[in-house]
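Undergrad: These are the residues of each chain, in order.
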Amino acid sequence: MTEWIDRAVVGLAVALALFCLGRYAQISLAIDLETHEVVNEAPPRPPPPPPYGEEARALLGGLEPGTEVAPGWEVLRVEGPLDDGAIRVVHRREAQEVSVWLRPRGNDERPPPAHTEKWDVFYDRPNPPEPRMAREALTAMMNNVVERVAANE
Amino acid sequence: MESSDTSNAKPAGLVGVLSRWSVVWGITALFVVAGLALGLGGRALHDEGVLTWHYASILAAEPVAGLFFQKLRPVLALVYAPVALLGFRAFVVFHVLVAAAAIPLSAATAAKLGQRHVAVPALVLATSPLLLMTAAGGHSNADLVTGLLLGLFLIHVRDRPVAGGAVLGALLLVRSEVAPMLAVIAAGELALAWRAADSPSREARLGALKTGLVPGLAMAIVPVVYVLLGVLYHRDLLWALHYPPTLTAPADSTWVESGDLPRRLVESGEALLALSPAWGLALLLRPRELVVRERWIGLGVAVCVVLLRGLPMIGLFNFDTSPRYLMVALPGLALILGRQLEGFGRHAGSDDGDGTRPVAWGGVVSLLLLGLLAALAFDTLQLRTERGAAPPLLAFVGVWALCLALSFLRPRVRPMAVTVTWVVAGLSAAPLLGPGTGLVVPRRTLDGIATWWVESGAHADGLPVITNFPLTRPWLEHEGLLDDPDRVQLMLQHDMVHELDALLDAEVGQDEAILRALDSHFYGRPILGRERDGSEVGEGRHPRDWSEGSVVIFVDDERLDRTIDLELWHRHLDIEVQQSSGGNAGLLIGRIVHWPRPPAEEGSGD
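Here the protein sequences line up with chains C and Z, keeping their order.
Here our numbering = 1-based position in the first sequence + 1458.
Here our numbering = 1-based position in the second sequence + 223.
Bound-form chain C, shown alone (with noise of 0.2 Å):
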């Protein structure tokens, strides 16, 4: 009886431990699988810019494409109003992009670097982060856009 008990042991024992060994194999293999599958996927094209809205221009004085607000940056151009009511300015200089956007007072939870009475004003990283921005530039871009609305709205 007990010899029966013993090899029912090793051997449900070794069933065990090939199962789960094997299903812990199996399982890392396929995750292995569909990460690759997930990175060949190629990216979903962008779609095309929103137009530059009336709204938006009389706000921003007539701001346009093309205008230069630092140093070799200008204006390359503007879009909105969003959906949300945002305004986007894209600022240029060579293959480098700045935005500064314009969203009405207290709608992002994020706090503004800056605001006028009804607008808060916020930017982005510059894209590509390379080469390295000048603090004065984007000063003088926030402030172009600040100074703007603050007279227009």
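It is worth saying that the hints were derived from the structure and are not from the lab.
Being a predicted model, the structure only gives us computed values, none of them experimental.
Treat the hints with caution; some may be incorrect.
Unchecked claim - Over the 10 Å line for every Cβ pair with chain C, so calculated as not near, a few chain Z residues:
hint, residue
1, S245
2, S399
3, E426
4, R428
5, V454
6, L590
7, A640
8, L727
Stated by the list, open to error - Covered by chain Z, according to a simulated footprint, are these stretches of chain C (three or more residues, beta-carbon under 8 Å):
hint, stretch
9, 1468-1479
10, 1505-1517
To be verified - Selected chain C positions facing chain Z (Cβ under 8 Å, derived; list incomplete):
hint, residue
11, Y1482
12, E1594
13, L1596
Backbone N, C-alpha and C fix where the C-beta goes; we use that ideal spot for every residue, glycine too.
Given the coordinates of chain C, work out where chain Z should sit on it, guided by the hints.
TA: Same frame as chain C, now just chain Z:
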């Protein structure tokens, strides 16, 4: 000292390897090399580990005020104070050596308990991911392991019950989670003394009294002397209660949610994996194989694990869920596994030759326990695979099941076969167990800081650095990028300020002394603040307190917006790095810039 019924004859062959002291010393040497490589290479850097060094440095700078500031873990700080003065790297070297001392201590204690395979408890300790990481990181949890084994060694091997009891009692001032383990050890010794009191031999009765009562009484020596001396300093009889080692804040709800129990059990199983990849072998335990003292130690292990992991599941207590709290159970686990590998699986037809009754049904119980663990691991499979990882517990249940089968081999090869199996499995799974310790170095954040630090020229501009991230200074120093550590100022989070207020005795000037020491011996010169002086914003908490261009490095954890006015700081910040890390705290690096106020704000100040 009692011993098992095992033969005293030296075993030969493969099994003999596990009985050699040269193997124990070899394991210890490998542990030291690995610990030093991790510690000095910065791969075990952790704020709680660095804190042990800071505490020792503070005690060295302010010995009296520091000694009676329980938060510093004063007994441990006293041990490390002389080395702390030599710098963090010297501290790490010493800390690794102290932790490594636990390995031969476990072997010596196991030998005195009558175990032949003295290398087995040594292996359990040396292959513990948590012991290695906390040894290299500087955590006091590793000192707890060494302290427990030193106490047992002094009592049982050196026959110094007073010294051993005093060492064990002193651990209460190092890490309070040791209390249940000490209570069980003391109860066990008392039970042994009680049983021996009926012995007709006077010598046996006196011996039992000595080993049974004295250690328990001696455990009170250090805490009592410490508290009495503290009365003289604090001029308060109840100072230890008025200024406790930590705040007793109300815990968050920890009640088990519906269907949550399997996940919590698997999490606990994997936390135990970080303690030892061999822990599951305890499920194959035959209590009959243990001597009485080992049974009490095993009970202590079970009590600690249940208290630390089990009771929070039903909302009775709430401990920190970090796996390193489980390290109090590691010495006991090593000692019982050392015994178990000698004899478990003893069954009919074996050539053990001692005539013990077959215990075949024990194998069935073990198999059922392993099956239950496997079922729990499978129950959480879907959740785990969605997160991109197979549960390591599943693999180890397989290894332990294999060990169960191997335990039915001939006794001469059984311990070696089982030991080799779990050591190989443990070593091969080491990368999986790293994250399980909860002590992984946040390299993405630290590399982000170091890269920006060099590329922006901040390393050379000499401007102040304001941070709430404790590892900023240790990491920059480790990388050799910080010529002047005094540049770094630490924005103390609101809860830290509150804790300092509550735990320091202002009436005897302890707060001034400790804060003075903190200026030189902390993650950075502390910036206190509004919490400390009522409703006012303290010096350094307003961005206008800092010069243009000052570096700000914030890790945006949930406490930051309760510490400073984040909106105000953002308005004065030229953000240069903003890094989110998928659910973890994000990194924000910028420089103080005092923007010209927009027209709408003219006349208003911030």
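Undergrad: Confirm or reject each hint.
TA: We went through each hint and held it up to the structure:
| no. | hint | result |
| --- | --- | --- |
| 1 | S245 | holds (32 Å) |
| 2 | S399 | holds (37 Å) |
| 3 | E426 | holds (42 Å) |
| 4 | R428 | holds (41 Å) |
| 5 | V454 | holds (50 Å) |
| 6 | L590 | violated (6 Å) |
| 7 | A640 | holds (13 Å) |
| 8 | L727 | holds (33 Å) |
| 9 | 1468-1479 | holds (count 10) |
| 10 | 1505-1517 | violated (count 0) |
| 11 | Y1482 | holds (4 Å) |
| 12 | E1594 | violated (10 Å) |
| 13 | L1596 | holds (7 Å) |
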